[in-house]
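Undergrad: Input sequences plus hints: build the corresponding full structure.
Going line by line, the protein sequences match chains A and B.
Heads up: the first sequence begins at 1 in this note's numbering, then just goes up one per residue.
Heads up: the second sequence begins at 1 in this note's numbering, then just goes up one per residue.
Each hint can be trusted.
Computed cross-link-like contacts, DMTMM-like style, restricted to lysine to aspartate or glutamate with a CA-CA straight-line distance of at most 25 Å:
| no. | chain 1 | residue 1 | chain 2 | residue 2 |
| --- | --- | --- | --- | --- |
| 1 | A | 189 | B | 59 |
| 2 | B | 138 | A | 139 |
| 3 | A | 185 | B | 30 |
| 4 | B | 216 | B | 160 |
| 5 | B | 216 | B | 196 |
For each label pair, taking beta carbons as the anchor points, the in silico distance ranges come out as:
| no. | chain 1 | residue 1 | chain 2 | residue 2 | range |
| --- | --- | --- | --- | --- | --- |
| 6 | A | 177 | B | 36 | 30 to 38 Å |
| 7 | A | 34 | B | 32 | 15 to 23 Å |
| 8 | A | 146 | B | 35 | 34 to 42 Å |
| 9 | A | 175 | B | 214 | 51 to 59 Å |
To be clear, the hints were calculated from the coordinates, so they are not data collected in a lab.
Even glycine gets a Cβ: it sits at the ideal position worked out from N, Cα and C.
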Amino acid sequence: MTDQTALIVPGPPGSGEPLDPAAQPCRNPPMDRSEHVRWFAREVLPHEADVRRWLGRRVRGLPDCHVDEIVQETYARLWAVGAERILNPRAYFFVTARHVVGEVLRRSRVVSIETMADVEVLDIAHQDVGPERRLSGREEIERVRQAMAKLPPKCREAFELRKFGELSQREIAQRMQLSESTVEKHLVKALRVIMSELQESDPGTKLPARKGHEYRQRNR
Amino acid sequence: MSIVSEIDDIEETATRWVIRLDGGALQDAEQRELDAWLAADTRHLGAFVRAQAAWIDMDRVAALAAGRAPVKPQPAAWQWQRAAAIAAVTLGLIASLAFVSSRYLAGRESTQIGEVRRLTLEDGSALSLNTASVLQVKYADDERRIVLREGEASFQVAHDEQRPFVVQAGDVSVRAVGTAFSVRMRRHDVEVVVTEGVVEVVRNGGTSRIAAERVKRNQEVVVATAEQGGAKPLAVAALDEKEIERRLAWQDGRLVFQGEALANAVDEVNRYSQLPVVIDDPGLGRKSFVGVFRVGDTRAFAQAAAAAFDAQVHEEDGALHLRD
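TA: Right, dumping it as structure tokens:
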């Protein structure tokens, strides 16, 4: 074979840098901002309940370790990495959260980091959420409905009009005869309540471990 | 301030910004305030991203509710539907709910040359539409049908045994329950690559129907159109992980070449660009080429190829010519 083979890995236009994930912070992400947010909604958000459950077990009783704070920090890091470089969002979410906990613990010098061996994280992370572990549409609607039931009436009405009726905040203000800033307050409250409801573990999902158990029982 | 109320404070502020943005564009002063807040602490950014994602995600759930509720009553969701029905009547929302569902039923999506788009469907399935492609979403009660009219798309199918997911590309249909695969329409054939699970490929057109062929993870099948292929049986071929990654790199905005003939690489690059690359020297086209490029960055590709093979790039008549 006399043909030449060239190994060339050019970067984005004008940069002259190699396309090396590690060397390239999110300066020029191919996704625009709103697409990036949608990617988070689709690929990261569904795993948050599992990450929280895992974190809850890890950091219980440890000073300076607050699950909410670790989750916030983790989201910020995932955002900075950029969606296009994260091939397995679930695994990345777990591993990043673990790093954050590790840093907090090192700072506070409380516990040996061995309590959170990588092996354990990888185990969880690699129980890949296949499509069958996602909630069905009906279950999802049911969960949101339950969360909405906890909202005060006006707050709920504003939220329904915005998301289910597709009215703008201004139109909602006119229809409900409220000021726009009051509508805004209702929506803030609604989103907070719904987020805190949805961050609880998914009631409809089963862990693979439990599936295995059921399987064994059936075969007995 | 205790740590717990500080966390609460961050989430409250993050949520307020998300709702403020939802209400309309920020004024300059507000934008500066938001930027400063986000820059002050990484937790601020994290809470903000999270709240935004949750807010956006509600659109998908609302579309789900609107698209399905009227079609298929579920006893378990009775209260929800009654509540929704009352709300719809009293608030005069029937029109807008109908609009949401019909938008999904008749959804036509297309991309320009060089554009790659990701879309989420009402059932939670996701698809990426590659350059210069057109498809139509036809969701019904018993089937989720996608008609690929032109180009290429890849699918991650949400599991739903009651509603199989079928992609129709000309006279070829690909059927899945919950899996991931891509379908590309070419002039004379349709290529199907499976990355997860199993799909069933059928060709219906012409005088001969080719029976269902099961294609598994890391396999591909190329189906010639009826005029081209006649009754030739379908050939399923295995692909290694590297090849799969290469084939689907466009989803991440990359094109990967691992030793293909330069002429084939050029064909691939030209799919994504209004500024085609033309090889003037056939010998050059046969050389084997390796590289990774951003989709649409034709100039970088041409320059890299020229540098690799000691050739020249000339831009003439709206094309990049490669010659020795």
